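For the record, the sequence lines run as chains X and Z. Read left to right, the first sequence gives residues 839 to 1008 (the numbering used here). Read left to right, the second sequence gives residues 129 to 202 (the numbering used here).
To be clear, the hints were calculated from the coordinates, so they are not data collected in a lab. Some hints here could point you the wrong way.
Claimed, not checked - Below, in silico cross-link-like pairs of lysine to aspartate or glutamate (DMTMM-like), each with a Cα-Cα straight-line distance of 20 Å or less:
#, chain 1, residue 1, chain 2, residue 2
1, Z, Lys-176, X, Glu-884
2, X, Lys-947, Z, Asp-159
3, X, Lys-900, X, Glu-884
4, X, Lys-988, X, Glu-953
5, Z, Lys-147, X, Glu-953
6, Z, Lys-176, X, Glu-852
Claimed, not checked - Partial selection, computed: residues in chain Z whose CB lies under 10 Å from chain X:
#, residue
7, Phe-132
8, Leu-134
9, His-140
10, Thr-144
11, Phe-145
12, Lys-147
13, Leu-171
14, Ser-178
15, Glu-180
16, Gln-181
17, His-190
18, Glu-192
19, Gly-193
To be verified - Ranges between beta-carbon positions, derived for each pair:
#, chain 1, residue 1, chain 2, residue 2, range
20, Z, Gly-168, X, Thr-951, 21 to 29 Å
21, Z, Lys-133, X, Arg-941, 43 to 51 Å
22, Z, Thr-137, X, Gly-989, 32 to 40 Å
23, X, Phe-1007, Z, Val-191, 40 to 48 Å
24, Z, Thr-131, X, Asn-948, 23 to 31 Å
25, X, Glu-852, Z, Ser-153, 50 to 58 Å
26, Z, Met-129, X, Thr-981, 44 to 52 Å
27, X, Glu-970, Z, Ser-153, 26 to 34 Å
28, X, His-985, Z, Lys-154, 16 to 24 Å
29, X, Tyr-942, Z, Gly-193, 27 to 35 Å
For clarity, every value in this text was computed on a predicted model and none was experimentally measured. Think of the CB as a built atom: it goes at the ideal place given N, C-alpha and C, for glycine as much as any other residue.
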Amino acid sequence: MGATDFALGKLPTEQKKLSLISFSGDFDKLVATFTLATGAAAVGYEVNIFFTFWGLDAIKKKQGRAFVGKGFLPKLFGFFMGGLRSAPVSRLNFLGLSPKIFRYLMRNKNVATLEELVEAAKVLKINLYACEMAMHILGLEKTDFIHEVKGVLGVATFLELSEGGRTIFI
Amino acid sequence: MATFKLDITREHCPMTFVKTKIELSKLKSGDVLEVLLTEGEPLENVPKSSTEQGFKVLEVSHVEGAIHKVLIQK
Chain X
839 MGATDFALGK LPTEQKKLSL ISFSGDFDKL VATFTLATGA AAVGYEVNIF
889 FTFWGLDAIK KKQGRAFVGK GFLPKLFGFF MGGLRSAPVS RLNFLGLSPK
939 IFRYLMRNKN VATLEELVEA AKVLKINLYA CEMAMHILGL EKTDFIHEVK
989 GVLGVATFLE LSEGGRTIFI
Chain Z
129 MATFKLDITR EHCPMTFVKT KIELSKLKSG DVLEVLLTEG EPLENVPKSS
179 TEQGFKVLEV SHVEGAIHKV LIQK
């Protein structure tokens, strides 16, 4: 999927809004986050996703295990956390075998994989934000993330952005 | 005005909506998208969400079995 023009024939009178806090970097919870986000964006919602702590794994440029982060401990942590491709499932992970089984099952049953959902989120121009505080702890910079990440935010700005819509913590 | 086709009968949530939205976004004003979809969630919500987003649903008709056709104009 490439860049798409999203100019609509007529703008809805009042746009609904969904804001998601992506805290967990677990494979299954990221699937839930991106399923809700893309589904909502496709039916006309304005969607914001605020990635914090483990959730930051989902938006790292390096999707596998890599020594990302400034300083010895953040680099080591970054390696063990990994990126989108190394996200574990929240239950019955079986040393990383389960995410591979899930990816196989999803492809086999024609359900969008996590990677396809992330790509769809980019095409639908969902607003992706990174948590400033968690980035500071993990020694991460905005350049460590995919370029679709719109900004680095704190709580006050997130509350302002999510005002007037629904917010879900995953 | 041109007519484009999209088959989402094998897709599941949320890609039913996502593919329709992406396809509609590529059309010019006045173009029509013919969407083939199945009963249940896609049939109930694709026409509804398209209308809510300012598109015009011209027709909803039964094709065969669980498959229906929806014509959406941008």
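Verification of the supplied hints:
1. Lys-176(Z) <-> Glu-884(X): Given that 20 Å is the threshold and the Cα spacing comes to 17 Å, the pair holds.
2. Lys-947(X) <-> Asp-159(Z): Violated, at roughly 32 Å.
3. Lys-900(X) <-> Glu-884(X): violated, 27 Å
4. Lys-988(X) <-> Glu-953(X): Given pair Lys-988(X), Glu-953(X) holds - Cα atoms ~19 Å apart, limit 20 Å.
5. Lys-147(Z) <-> Glu-953(X): Holds, because 15 Å separates the two Cα atoms, which is no more than 20 Å.
6. Lys-176(Z) <-> Glu-852(X): Roughly 16 Å separates the two Cα atoms, so the pair holds.
7. Phe-132: violated, 14 Å
8. Leu-134: violated, 13 Å
9. His-140: holds, 5 Å
10. Thr-144: holds, 8 Å
11. Phe-145: holds, 4 Å
12. Lys-147: Hint holds; Lys-147(Z) Cβ to chain X Cβ min 8 Å, cut 10 Å.
13. Leu-171: violated, 14 Å
14. Ser-178: holds, 9 Å
15. Glu-180: holds, 6 Å
16. Gln-181: With a closest approach of 4 Å, the Gln-181(Z) hint holds.
17. His-190: Given a least distance of 23 Å, the restraint on His-190(Z) is violated.
18. Glu-192: This hint is violated: Glu-192(Z) lies away from chain X, its Cβ roughly 20 Å from the closest one there, beyond 10 Å.
19. Gly-193: For Gly-193(Z), the interface hint is violated, since the closest Cβ of chain X sits about 18 Å away, which is over 10 Å.
20. Gly-168(Z) <-> Thr-951(X): 21 to 29 Å: holds, 22 Å
21. Lys-133(Z) <-> Arg-941(X): 43 to 51 Å: Violated - the Cβ-Cβ distance for Lys-133(Z) and Arg-941(X), about 30 Å, lies outside 43 to 51 Å.
22. Thr-137(Z) <-> Gly-989(X): 32 to 40 Å: The hinted range 32 to 40 Å holds for Thr-137(Z) and Gly-989(X), with Cβ atoms some 39 Å apart.
23. Phe-1007(X) <-> Val-191(Z): 40 to 48 Å: holds, 42 Å
24. Thr-131(Z) <-> Asn-948(X): 23 to 31 Å: Holds: the Cβ-Cβ distance is about 26 Å, inside 23 to 31 Å.
25. Glu-852(X) <-> Ser-153(Z): 50 to 58 Å: violated, 20 Å
26. Met-129(Z) <-> Thr-981(X): 44 to 52 Å: Since the Cβ atoms of Met-129(Z) and Thr-981(X) sit about 45 Å apart, the hinted range of 44 to 52 Å holds.
27. Glu-970(X) <-> Ser-153(Z): 26 to 34 Å: holds, 32 Å
28. His-985(X) <-> Lys-154(Z): 16 to 24 Å: holds, 23 Å
29. Tyr-942(X) <-> Gly-193(Z): 27 to 35 Å: For Tyr-942(X) and Gly-193(Z) the Cβ distance comes to about 29 Å; the hint holds.
The structure fails to meet hints 2, 3, 7, 8, 13, 17, 18, 19, 21 and 25 from the earlier list, while all remaining hints are met.
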